[in-house]
Structures are given as C-alpha cells and as structure tokens.
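Protein chains: 2
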Amino acid sequence: MSDKVSPLAPQSYPLMESVPGVVLATAEAGIKYRGRTDVLFVGLCEGTQAAGVFTRSKCPSAPVEWCRANLGRGGARALVVNSGNANAFTGVKGAAAVAQTADIAARAAGCEPHDVFIASTGVIGEPLAADKFEGVLQDCAARAVPDAWDAAARAIMTTDTFPKYATRKVMIGDCEVALNGIAKGSGMIAPDMATMLAFVFTDAPIAQEALQALIANGADRSFNCVTVDGDTSTSDTLMLFATGEAAKRGAPMISDAADPQLAAFRQALEDLLVELAQWVVRDGEGASKFVTIDVAGAISDDSARRIAMAIANSPLVKTAIAGEDANWGRIVMAVGKAGEPADRDRLAIHFGDIRVATDGERDPAYIEEKVAAVMREQDIGIRVDIGLGEGRARVWTCDLTKEYIAINADYRS
Amino acid sequence: MSDKVSPLAPQSYPLMESVPGVVLATAEAGIKYRGRTDVLFVGLCEGTQAAGVFTRSKCPSAPVEWCRANLGRGGARALVVNSGNANAFTGVKGAAAVAQTADIAARAAGCEPHDVFIASTGVIGEPLAADKFEGVLQDCAARAVPDAWDAAARAIMTTDTFPKYATRKVMIGDCEVALNGIAKGSGMIAPDMATMLAFVFTDAPIAQEALQALIANGADRSFNCVTVDGDTSTSDTLMLFATGEAAKRGAPMISDAADPQLAAFRQALEDLLVELAQWVVRDGEGASKFVTIDVAGAISDDSARRIAMAIANSPLVKTAIAGEDANWGRIVMAVGKAGEPADRDRLAIHFGDIRVATDGERDPAYIEEKVAAVMREQDIGIRVDIGLGEGRARVWTCDLTKEYIAINADYRS
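Going down the list, the sequences are from chains G and A.
Count along the first sequence from 1, add 13, and you get the number used in our numbering.
Count along the second sequence from 1, add 13, and you get the number used in our numbering.
If you're looking for bench data, these hints aren't it; they were derived computationally from the structure.
Among the clues, some could well be false.
Given that identical chains are not distinguished, each listed pair holds provided it fits within a single copy or across any two copies.
In silico DSBU-like pairs for lysine-lysine, Cα to Cα no more than 30 Å straight-line [to be verified]: (1) K106 <-> K145; (2) K45 <-> K261; (3) K383 <-> K415; (4) K182 <-> K17; (5) K45 <-> K383; (6) K71 <-> K261; (7) K415 <-> K17.
None of the values given here were measured: they were computed from a predicted structure.
Given the sequences, and given the hints that come with them, work out the whole structure.
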C-alpha cells in the first residue's frame, strides 16, 4: 500500500449489502507484511458454482494453475486470497504450497480441497510458507460474516492506494439478486508483481457452464479493455461465484448464458466489471489522468480493439497526456503501428469534442485553447475514426508519469 | 537537439574518409529550426544504385511513400534529408511537397526527379514549405564535398543529443571498398515524431536487387533488433547507396547478395548497421543504461526474438534497470506475456554472469551484492535460457527513466 492515494480515487464508496450464501473474514497471516491483513477467506454455501478467466501468461503462477484445473470439477466452497507473496515462479514448492493451502481451507470449510479456489499476489520467486495459514483459516471460517466487504477488498491490496469494490442489484424473473465485486490492481504488474485480481459474488442460481460464458464475455468487455502499462501478470485472475441462494426466493435456475431472463443480469454484471476495471486504471501506478479511447470506423470490432490498445499502450501517447499535450501526431503514430487496416487520409481524431485532425490533415478549424482546456481535465476522451468500416471498440487507460517510474524503479526492499 | 548529452554518448568519433562517388553539403533552409543546419544534400555519381527498408506503419509519411515508389525504378543521383518537419499526415499537400522537393533537387543534380530520394524528420501534421529548398539545394549541389560526414550527421538530428556515424573498409575480391553510414534517432518517436533515419554509402559495385537483399538482411540484424520505447515512427527509413566507383579500381560487379566474394562486405555492413543502431539506443530518450538482451533455447530464432523484444519493451523491466534492481520476476513476467512457447520450470535467467534463477526458481546460490554490482554498470547484459530448443536472438534497449517522461510530457512548443 502506498502512502499517497491516487488523485483518481473514488470520492465515496457504495454500501455493500450481503450476498446470501457468502461470508467473509480477513486475518494477519504474516506472509510478508507486518501490521496489516494479508489473507481473505470467503466461505461459500453448498451448491455454489464458480467460473473464471485467468492470465494468458505462459508462465502462470501456481494458484492460477490450481484454479484452472479445478474449475467445473465440482462446486466451490471457499476462496482464499493472500497478498504479500504471489507464489509465482516457485517451482514444485509452489504447487505444494497451493495444495497445502487448499487442504487447510478444506478442513476449515468442511469440503474437498478441489472445492477451494486460491489466488496469491505479491512478491515473485519467494517460496510461500503455506503452514502460516494453519489455524488462521480455521479461525477465519469460524468468524466469517456476510458484510466484511471493505475489509476483504483491503486484505488483497498490494501497491493499491485505495480498496476497490462495487455492487449491483438486478432482477432475474421476479426475484432480485445481488452482485458484489472486489478487485485489486495498480499497474498490471507493480513492484514485485502486483497483479490484477477480481472476485464477483452473486446469489443468482446459474449453472457452471453458463457462469463461465458470462464471465468470459464480461471480461472481454471490461478487464480486457483496460491497460496501465501493457504488462501482463503471471497471476491475473477474475472469478465469478454464484451461490444459488436466490432460488429459495423464487429465482429461476439458469442453465444458458443466453437465456432472455438473464438480460438485465448480464448488463449489470458487465457494468460492475467495467466499474471494477476502471478502478484498477484509476489506481494505475502514478496515474494523474483517466483516459477513455474510442475507436470507430475500423474494419471490425477486433481491429478497432487492437488499434485502441496500440494507442492506450503507447508510452508516447501516455506521456503526452501526462503533459496535457493534445499531440495527435502520436495518435497517428499509434494507429499506424497497430498494423491494422487504416487509411491515413481518412483518419479523424477528436480530443473530447474537439476535432483536431480530419481527412489525413490537421483540422484547420480547431482552436488550440479549447483543446488545451480538454487536456487539463482529469478524465479525457480520445476518439479516433478510421473511416473504413463499422468496427468499434472502447478501452480505458491512464497517463504515464514520472511517478510511475519512481514507483517501479525503486529498489526491491 | 537537447542541451544535455546522453551519458551513453561516444567518447570519440571515427575519422570518416570519403566514399568515391558521394559528395555532401548541408544548409540552413529555415524549415523550423533557427540558427542550425536542417537540410542535407547528398550528390551521387551516375550509376549509383539504391536500396531501402522503411517503416511498417500503416500511416507512413509522404517521403516514405515517394522512396518506396522510386526504388529500383532507375538509379539514385541525390538524397535530400530535412529535419524540423516530418511531412507526415499532411495529406495531398504532403505528396505535392515531396514532388516539389524532388523537382528542385533534380534540377540541382542534373537528373530525373525519380532519381532523387527524400527523407524528412520533425514535426508531424504541419505542411512542409518545399519552396524553401529553392536555391538552397542548387547551392548545396555546387559546394558539396566528399568529407562533410560530421556536418551531414548533425544536419539530420532532431532530439538527438549527439551525431551518429560509423565507417568500415572491407575487401571485395582484391579491391578495398568503403562503407560510411550516418543515422539519427532517439526514441522511436520523440517529441513531434523524431523518427529513425539511417543512410549508408559504399563505392562497391552492387546491382540493385542484391543491394536490396543486403539491406533487408542487415536491417533485420540491427535496426530491427533495437527498441527504445516500442513505438514506431511514420517515417523510419534505412537506405543503402552503392556508387559502383570501386569498379574503376578493379572491384568485381556483384549481382547476387549471396556471392561468396561479398562475405566480408556483408559482415562489415552488418557490423556498421549494428553500430549505428546501438548509437540510436545509446541516445534513447532519458537513457542511463545500455542493455543487451540475449535469449537462447527458444523453439526458433523468431520465437527468441519475440521473447527478447517483450523483455526489451516491458516498462517494468526497463524501470527496474533504471533503478539498478535485478528484478528477475519482471523478466519472467515478460517471457510469459510474449505468448511464445516457454516452460516456467525450465527458465534460467542471468544478469551479467550471475545466474539469478534456474529451473523455475530463484537460484539458491546467487549472491545479492554481486548482482547489485552488475546492475550498477552502465552496460548491462541479461541472458534468458528458455530451455526448449535452439532458437536464439539478441536485441538492444535502454532503461526507462523519469527523464524519458520529462522529455515526452513537455508541451509541444
């Protein structure tokens, strides 16, 4: 945790009501940090289904491999998340530490080890002493409560400067269900592998396959649309747990993600994931500006996404934004380097509502002071029209500042 | 040009002898800068052949399009390079400005416009007033001399902090030929599109197709192996001109790039291109460390290159190097995100000669102080063994410092 809270931190936090079937507790297991909570235990009622998407890294952490192997194998009865040690690049010891953690949690929760999901974030390459969870997880299970969301979000922080959570209520059929999510992340990787983790909980009764489709689609429109520095953690994890408790209140069992009864839920889930993903960007290391990049007119949505990401990941675009410089030349550069079909002479670029370039040239009508005013805002929109087709994408990023360098060039302590 | 010279600048410069058939002159055309030269004119004797490789940007500058269209069409009699204006994203005006420049240069050199090659570097999106070259290029042609290499390298600088040139002498058959090269670049794109430009001149008699193969291969082992910030200019240009004047001294005419008589020349060309490319990295914006990244054991050379570039472009790796932190966790992260086949549990990582990780774990034998000493050096080597195959690659990069942000976050002036 940093002493200095991001200037883009939330002004207020939502009230997080409980999600039936979910209880939470946090503890100090002494993994690495002193004097702060570093472990989150989530108890899940019988029948809970889990789905997840994970880092595409070819060198994933041991917990990521564990979760992948156990998804869809049975239900989910517990989630254990620790901060301070990522248990990544820890060889056979890493796999053993995950198995030991699952074993301790399973005894605490009264379930099978493969019903336990695990995520770790923190230093890489250090063996994780899983025996520190002995006793701690049992104690957590005993005192877990339905309303410890703020504490849960804080327990999983590493270099985050503020806790991140969001909530929605939405109807499935005639029954209101809850969606609560927590997340951490600040830079795709921060000093010693910060990682993005997010966990969403609902009491909706949704079958595992449908749940998996929902989270995969949702990720694609949220966490896969944000970037801080283009780096990819070994440990990125986004999971969705459905306890099914709302069935007791009459919610229909959903077995197909495309079920029309799920329309509002799908939208609420996507909204919540976007909100969490945006909080990660707003806590981006050294961030002083939040940037929304819209690309339209590409030959396909995928093409638009790749162009948008090329802009969002360009250090030259990001430093220009940090300098409040409407340097559209760098946008042209980033469009060009994306490798996607683009016609220089059809490009149009807007900062906010001001069109600065059109038809492959500087817009002769634009007024520098108006653009300068846009660039001084904390939230900045960049819109690029490729002029070739109907493909669209929206991604979010932050600027690149000296503070990012200061955070990441520090010696490991 | 920056006031502050890169700490990685050369301690001394080579003596540049002439290349028969090549004359150079520089001038102040007043394109953008005041009180410094901003145009280079190179006169080339009749029979000169030209070859080149250019940016892969989908939004290339007008001069890049001009050069591509005219390569192999006839010979090359003149090269005109201006700094201060990139003539990129300038629409139809841009193409007209290039044609006008070629026309003026052709009159000055007594050749056809399509025998004139052109490169521009500087601000993007501003129309280039090519009429400023009127008179200037004629004057340059009249006073061009064989030994103005230092002045030539200076005239094409933008944000460069030092001029870049290199020279080689090499035998073809029984005849010694010369290779002289100049380059500019500092950040793939610097404020207002700095761009990488490099021009190499030889008196060897080499046919155009062979020349094209030579420069394409050479680029692949030099300029395509360096990165400062992963951004790609609209204007990157590398050209090789062969005057053929050495034929008068008995050098054999070469029509095949694979001709065994060319073995030493090929090696000398590659060496020279690597030297020029490394000077660009050593003048990388804000650079304080020069980093050589070797990847071995990948499944192919291409795979090794992609892994090496993922490491070289990672902001987290680069900031760690700036902080003199042997943060091998970030190397693992970068290997993982490259998307290439890799087995976490076979990875080995060295900083200098110190192995810090092996078999998917921290090397228990490594001594922190020895690694710290390696990281304090100005030139740092990172070696990654993937452990899967025989694929190898070497790339060069620099660190990422607060100075990079300061340079690039400045307001456009």
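Hints, one by one, checked against the model:
1. K106 <-> K145: within (15 Å within a copy, 70 Å between copies)
2. K45 <-> K261: neither (42 Å within a copy, 74 Å between copies)
3. K383 <-> K415: both (26 Å within a copy, 29 Å between copies)
4. K182 <-> K17: Neither: 33 Å inside a copy, 58 Å across copies.
5. K45 <-> K383: Classified as between; 25 Å across copies, 49 Å inside a copy.
6. K71 <-> K261: The answer is neither: 42 Å in one copy and 57 Å across copies each exceed 30 Å.
7. K415 <-> K17: Answer is both; intra-copy 14 Å and inter-copy 19 Å each pass.
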